[in-house]
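> I would like the entire structure built from these sequences, with the hints used as guidance.
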Amino acid sequence: MADPRDEALAIAESAVRALQAAGASDAEATVSIVDAFNCEARDRALTTLERSRGRSIAVRAFAGTRRATFSSTDLGDAGVAELARRAVAAAAFVGEDPHAGLPDGAPSDGVCDHDLFTVADDVAARGDEEKIEEAMLMERLVRDADARVANSDGSRVRSATASWAIANSRGFRGVTQGTSVTRSASPVVHDGEAKRIGHYGTAARGWATAEPAQAVALHAVHRAVALVGARKPPTMRVPVIFERDVAASVLGDVFAALSAANVAVGNSWLADRVGERIGSERVTMVDDGRLRGGLGSSPFDAEGVATRETVAFERGVLRTYLSDTYWGRRLGIASTGNAANGGVGPSNLFLIPGTGTLDDLVAQTERGILIVDTIGFATEHASGIYSRGARGIYIEDGAPQHAVDEFTISSTFPEMLAAIDAVAGDLRFDGTIVSPSFRVAEMQISGT
Amino acid sequence: MITALDPDLLARVLARALRRGGDFADVFYEYRLVQAFRLEDGQIRSASSTIVRGTGIRVVEGERSGFAHSDDIEEDALLRAADAASLIVRDGRRRDAVVALASVQAPLLYEEHADDPADSARYVDLLARADVAARGSDPRVASVNAFVTDELQYVQIADSDGRVVTDRRPLVALGVQVVAKDGTRRETGYAADGGRTSIAIYDGRTPESIALESARIATTKLAAADAPAGEMPVVIGPGGGGVLLHEAVGHGLEADFNRKGTSLYSGRIGERVASELVTVIDDGALEGERGTVAVDDEGTPGSRKVLVENGILRGYMHDRLNARLMGVASTGSGRRESFRVLPQPRMCNTFMLGGSATPEEIVGSIDRGLYAASFSGGQVEISKGDFVFMIAEGYLIEGGKITAPVSGATLIGNGPDALTKVTMVGGDARLANRSYTCGKGGQRVPVGVGIPTVKLASCTVGGNARG
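Residue numbers (the working numbering), protein chains in the order written: chain X, 1 to 448; chain E, 1 to 467.
In short, the hints are calculated from the structure, not lab data.
You may find that some hints are simply not true.
Facing chain E, according to a computed beta carbon distance under 7 Å, are these residues of chain X, among others [claimed, not checked]: (1) THR48; (2) ASP74; (3) ALA78; (4) GLY95; (5) HIS99; (6) ASN151; (7) ALA194; (8) ILE197; (9) VAL265; (10) ILE375; (11) ILE385; (12) SER446.
Built from N, CA and C at the ideal position, the CB exists for glycine as well.
Printed below as a string of structure tokens:
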């Protein structure tokens, strides 16, 4: 079969021509082709096998400073022609917007294609039967690891190769490719009348750098078992330690406030605060689109702007927002290469790690709670309020005492970032927003 | 532009899918056109459209599902996908090809919707009216964002039982987000309305009324105090409070979790799971509602299911796979986000039936507590039933009266536990207007939620007030 990168680029270029033919003054087309494999085993048997090749196109049509966007999975010539016609017609109904337009600067010369090591050779090399065997292996491991494991919600292995191309009417042509793999397991333990599922998964560019199946299965069992017998903690104000996956979800909320799109419309507690000290000395947050092997790495962003390393917080001080071309123009800043489909997205956003392990953080905490999981989406980006349901371990005298659940932790983002007083060294790049474990000196716990 | 697949082609694809054997196969073809406009600060900032066109092919054998999809709908591509899906069959008991396919007409539960979306000017006008209304309502309204979406999904589902079912599903939504500002304080309000109908509904349920509701919530919150923390009686407001029911009870009654034994409700049909005041229904056959399915994504008609009756667990929500494995009939709950993914058992419109109390009696029975008028989101953990909700609009209850607004409040609890603490149920049951979308396994589908005014004798409130 032809190289999907060639196919993607050819369709993108023909879509740009169709948009111009339909009357667009400027045009951009992005085509992605994803080949994916997914299998799931449960109860020591294969349950799901999925294979897919998904193709899609997204275009932007400009009529002067008016703009419309269109996406489709119909990539035939007739489909692309209809898409072009509709997109140009819709642009006429959009208001004049002086900030709308393609990125500034000269287009790159010819086809831009650096892989930044985002393709792992071992993804193409591995056969389907091997992946199925691995899912079955994780099922066996979770069942055998601990007598309390009574059931499973399945173990999954996925892999994908994504190819994408961008072309625009100013002459930019970019094409790139990336691989990704994930392994996950979900053992179930009985806890009195109730059950607890211990989800755990890992993601990486290739099999060699992903956590091995055995480690994923055992970690999932550990998560399920750790919360057995949990009870509500008292309502109190204590230090809270965020285990790294939960810490990453906090960073995800901080990213929303760093996004120029939210800042520009006033839906960010970080609006108008560049240069201010927001976090503690330990808060240095970096977004790096060129990190080798990072899951968010790419030579250029979704509108063809070169990716780069951006320091968003430096020792607690807010240095810049993360932006694409449009929202950057609204705020009067340059794009940071963070255009994502339909808006602003992270590339590889992380908090610079400190030293020591999660256990060290626990040992250094007189009385507090270690959060291993949160539920709910209870954050408000305009006001900066943070409040989520949580599960974890109660700590006293620097030692874990018992599991706790059915409580909330709350604070505000400014207060939380300012109160980060310890950061562990356990950072791993297994997502596009990642964090080491950290401690917040004081948060409100609502329990009994 | 909306094209159907040829029934003979569907029959050939099904035959190919079952070539290695298998209990069942189906082909799900969809063509969906979505038109969306967004207004921001007085200007139409974006117009966007989406076409989703493709086919998903599934082969089922026992508990196993093989699946492949194709955005290319030419015969070669569909046969390749059928081959890929058939690889799930491990012990290859060959079965005969499908008999002739017969068309089945879906019930009519939606207003007629034209193939082509309305003139763009009509959407633009709706948003401009919402913007003017929100801005004019209060000088503290700092920014207004509004969107309108108009969607038509055509589906054609053919299966190895010999049926071809088609359905044309309209879906509209109009939402307004208002940010109100007072000094350095910002608060957000949100309101929306829509359903499986055409944009003609906004002639009656006007964009102005949606905008004013959103502005009222945002400006009310400017005066809000930090929410209290700890256990207290909580009153859930009618309509939008139904999210709590959806999360705390609904998900745990979806058949996949119960077949696998991962839900806390597994194997408990006939048992008491809630106060006798609680009767919970999921209804996919309500005309025009957002969660309605004339047929689900497996071609089964939507239906009314009694999930909990006077506190007793009566049944689960089934798709075909789980129904067959559990020896019952599908309840028309097999739903999928698109042709790219397998169907799952999902809720449609989930609500609690009304009781005999008045809202005033319910609030009047509480000396100190919280009134949750609506929620902005929630989540449940299926295996144990723990839930969390963020209260979008909440108030203190003091001395039997609703008093000061509070912000940043969450409710946290355990579904079955909360249901036993339902001590009063109002007669004011209704479905919420808002445009709820439910996520499960990475798939998002439109749903309806509803509830009457309900008193929980106690629930944990997560707030930031220093107690």
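> Run the structure past the numbered hints and jot down the numbers of the failing ones, going up.
Numbers 3 and 5, in rising order.
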